[in-house]
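If you read the protein sequences in the order shown, they are chains U and G.
Take the first sequence: its letters are residues 9 to 461, numbered as in the working numbering.
Take the second sequence: its letters are residues 9 to 461, numbered as in the working numbering.
Just so you know, the hints here were simulated from the structure itself, not pulled from any lab data.
Glycine is no exception: its CB is placed at the ideal position from the N, C-alpha and C atoms.
Take these hints with a grain of salt, some might be off.
Listed below are the simulated PhoX-like cross-link pairs for lysine-lysine, each with C-alpha atoms no more than 20 Å apart in a straight line [unchecked claim]:
no.	chain 1	residue 1	chain 2	residue 2
1	G	LYS222	G	LYS100
2	G	LYS167	U	LYS33
3	U	LYS319	U	LYS378
4	U	LYS274	U	LYS350
5	G	LYS33	U	LYS167
6	U	LYS260	U	LYS167
A few chain G positions that, by computed beta-carbon distances, are all more than 12 Å from chain U [claimed, not checked]:
no.	residue
7	THR27
8	GLU55
9	MET256
10	LYS345
11	LEU363
12	ASP408
13	GLN439
14	GLY460
What follows is each chain in one-letter form.
2 protein chains.
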Amino acid sequence: MKKILTILLLLPGLSFGQTHEANIKKIYDTELSAGHTYDNLRFLCKEIGNRLAGSPGAAAAVEWTRQLMESYGFDTVYLQPVMVPHWVRGGKDVVKIVNSQKHGTLELSALALGNTQGTGPKGLLGQVVEVKSIDHLKSLGMQVKGKIVFFNGPMDPTKVDAFEAYGGANAQRSSGAAEASKLGAIGSIVRSLSNRIDDIPHTGNQRYAADFPKIPALAISTQDAELLSDLLEDQSDLTLYLESHGQMLEEKLSYNVIGEIRGSEKPEEIIAVGGHLDSWDVGEGAHDDGAGCMQAIEVLRIYKQLGWKPKRTIRAVMWMNEENGLRGGQEYAKVAKEKGEKHIAAIESDSGGFLPTGFSSTGTDAQREKLASWVSYFLPYQVWSLNKPGGGADIGPLRDQGPILIGLEPDSQKYFIYHHTEADVFEAVDQRELELGAAAMTALVYLIEQEGI
Amino acid sequence: MKKILTILLLLPGLSFGQTHEANIKKIYDTELSAGHTYDNLRFLCKEIGNRLAGSPGAAAAVEWTRQLMESYGFDTVYLQPVMVPHWVRGGKDVVKIVNSQKHGTLELSALALGNTQGTGPKGLLGQVVEVKSIDHLKSLGMQVKGKIVFFNGPMDPTKVDAFEAYGGANAQRSSGAAEASKLGAIGSIVRSLSNRIDDIPHTGNQRYAADFPKIPALAISTQDAELLSDLLEDQSDLTLYLESHGQMLEEKLSYNVIGEIRGSEKPEEIIAVGGHLDSWDVGEGAHDDGAGCMQAIEVLRIYKQLGWKPKRTIRAVMWMNEENGLRGGQEYAKVAKEKGEKHIAAIESDSGGFLPTGFSSTGTDAQREKLASWVSYFLPYQVWSLNKPGGGADIGPLRDQGPILIGLEPDSQKYFIYHHTEADVFEAVDQRELELGAAAMTALVYLIEQEGI
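Construct the complete structure from the given sequences, taking the supplied hints into account.
Structure representation (structure tokens):
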């Protein structure tokens with residue numbers, strides 16, 4: 009700590025400078041030499057851990073982030089009530105091949121998808137049919153009746169943006185069970201949405217279709233998906249045993265957690281910056297999205313450390329229930345409209361605590377051009393891409409209220425190694441990459457509170 | 009493998025296309041769906057391991073890379089003899105505090121620097137004096153006589169480019185012992201050149217001054233450097249015990265390993281692309297620089313896989329002895345001059361197998377402008393920075409022969425976690441990031457062989 013203080017004392021000065029360039033350098037220097045983001049993320053991951061909406065972990069995270077923001081002396085810190093779905097995994101998930109000529113019985117690495125109805129302890133037996141996509145499933149029609157559908161479309165490795173590859177494959181997970189059920193299937197499994205071949209299953213959200221049976225839906229690891237596919241080539245009558253215990257319980261009261269520093273000149277103009285506080289129920293939700301939450305709090309904390317007052321109001325928001333309901337994002341937008349609040353920008357970091365490369369956005373041409381015009385402020389920090397379309401799940405519901413919606417865009421190559429898995433833990437986050445993201449977000453908030461958008 | 013072949017068959021076609029954009033897409037698609045870089049790096053790291061110049065590992069790496077390039081059917085594969093220094097560590101390195109009032113005797117995590125003369129088994133005792141830099145040392149003058157100098161200047165965390173922070177701190181390691189010896193010091197230790205506080209010591213090269221004693225020089229981990237510095241605040245008479253066993257043996261015969269595909273139109277114009285095959289004697293030399301070597305071989309392999317013939321000659325070069333002598337780079341340039349070869353470009357990947365962000369270069373304005381003009385070919389692949397000055401150690405000696413010197417510039421944030429340590433192993437390299445680097449280098453070589461520079 010002594011060393012950190014020494015470095016800070018050597019900085020040219022913490023007071024507000026003459027140019028945007030000088031102030032942005034102060035932001036970066038402060039974060040890179042004395043940031044709190046990494047230690048805060050450590051606490052969230054190691055002391056609280058995972059925090060699916062409705063879980064004790066989520067409740068603990070709400071209270072801890074509230075106290076954390078109060079400890080930093082933000083002008084206002086409050087909880088915004090929101091009812092959330094409450095899904096529980098309920099037990100160990102099992103996918104077994106029971107009649108392999110080559111292996112006999114073989115258990116695969118599996119994890120039930122979120123919001124699924126479990127088989128219960130009796131499990132479920134069925135012959136498996138492999139498809140590569142929803143379209144492929146539909147082409148088989150009623151051939152899948154009474155069977156377990158195995159969705160095995162890989163993420164396209166030739167997509168350089170891994171989110172694009174994810175986007176091309178995730179319908180299998182989000183609506184595979186629903187579509188299979190419409191055709192009479194009795195269960196479904198899906199290849200994990202990962203761009204790496206390994207033994208880690210990835211959970212994630214799925215939605216059942218109304219008026220059709222809620223069939224079990226589980227993910228298996230990419231390695232086991234490859235294995236199962238290979239075995240099916242030689243033996244088309246493979247039978248699987250599925251067991252899962254998921255249940256949707258009664259909705260629960262939870263909260264968005266909000267902290268703000270009031271603007272000194274235009275307090276009515278609000279810049280929201282945040283992440284989602286909930287995570288899946290495995291791992292520690294480090295990249296998804298502890299990183300984004302701790303970065304958002306850091307934006308305001310840097311203002312406090314530097315003793316700066318923003319011209320416009322800046323607000324850190326920890327949205328609840330992004331993963332399996334988006335209730336927090338919806339409630340936040342609804343309340344903002346009811347209160348007549350005026351958001352000029354909403355910024356979300358929910359793509360992992362990796363090296364920041366730019367910001368994506370949705371807004372008017374004028375808003376997006378103003379954002380892009382700031383690229384020269386960011387290039388010294390290797391943040392170069394300010395033109396990409398995009399935004400974020402939790403800020404989407406604010407769209408019709410007019411703010412520009414902005415997403416932090418970190419390098420995407422490694423996100424889907426960790427996404428929705430046991431492996432998404434604090435140790436998977438690099439301190440400097442996380443801090444560079446926090447500094448980039450602070451610099452952006454600074455430009456918006458100074459210049460408007 | 010079946011899956012990979014399926015993907016390849018679905019590609020629009022492997023033959024040479026009509027536009028540079030289309031051909032560069034073929035390069036990327038080939039590498040990201042069916043590249044060999046990662047598996048080759050696995051072999052180099054896991055089957056051969058570390059490979060300091062003169063070691064059995066280096067000899068094995070020479071023979072294996074020769075065979076590998078022959079197996080790919082390059083037009084010519086050959087070894088270029090070069091005499092290299094042969095330093096051996098000789099035993100376990102020890103740095104101990106022997107008289108701490110707080111801890112008694114305390115062993116620190118230590119690793120002798122390369123090319124150092126060891127203390128031998130009797131070791132060395134001396135009082136320790138902390139300095140923050142070479143200038144700080146010089147200001148103390150003869151006060152360090154008879155003592156052990158402790159260089160404790162951290163890498164500046166506010167430098168976003170970690171190589172810049174490294175550049176600001178590495179004189180302590182490379183010439184600290186030499187400067188301390190000139191002032192009568194009997195030994196030296198240096199804070200590891202890492203931007204993370206951890207318990208891993210980092211070795212690296214150092215050079216003694218002629219006509220002054222070759223005093224022992226060891227690195228300690230950043231964590232232990234912080235600890236030692238804290239202890240010195242309370243107890244200025246701390247005494248250290250140093251033990252190391254380094255010896256410089258007789259020079260040995262080794263080789264640069266070279267493979268080339270002859271140009272179809274201007275074979276006399278050579279584009280060299282490479283990395284250095286040697287590594288330090290700890291870890292596996294995965295990022296430094298197995299990654300660069302395997303990427304360079306991959307450039308030529310992709311040409312073979314696509315069935316393309318370059319207009320100009322492309323040559324993969326594995327330089328030997330970058331780490332503690334640079335003899336391979338010097339010999340390569342000398343032989344090129346003697347043979348009257350005409351290099352138009354020399355490209356090196358020696359900054360780790362991380363996400364590629366651009367290329368740095370040294371050359372004429374015309375050469376550098378031509379390079380920069382190609383940025384639009386790279387932006388779809390998130391490679392954006394083509395203006396930075398730079399190059400590479402092994403290609404530097406070619407400078408006066410006129411080629412543009414180009415360095416692959418990956419994200420620098422994590423390089424100095426692994427650099428010159430036990431932690432620089434295969435598992436520290438991400439497959440997609442490594443492949444994106446190989447594809448970027450191949451795309452660059454493609455543009456140069458097509459268009460000249």
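Structure-based check of each hint:
no. : hint                     : result
1   : LYS222(G) with LYS100(G) : holds (19 Å)
2   : LYS167(G) with LYS33(U)  : holds (10 Å)
3   : LYS319(U) with LYS378(U) : holds (18 Å)
4   : LYS274(U) with LYS350(U) : holds (11 Å)
5   : LYS33(G) with LYS167(U)  : holds (10 Å)
6   : LYS260(U) with LYS167(U) : violated (39 Å)
7   : THR27                    : holds (17 Å)
8   : GLU55                    : holds (21 Å)
9   : MET256                   : holds (36 Å)
10  : LYS345                   : holds (37 Å)
11  : LEU363                   : violated (5 Å)
12  : ASP408                   : holds (32 Å)
13  : GLN439                   : violated (7 Å)
14  : GLY460                   : holds (27 Å)
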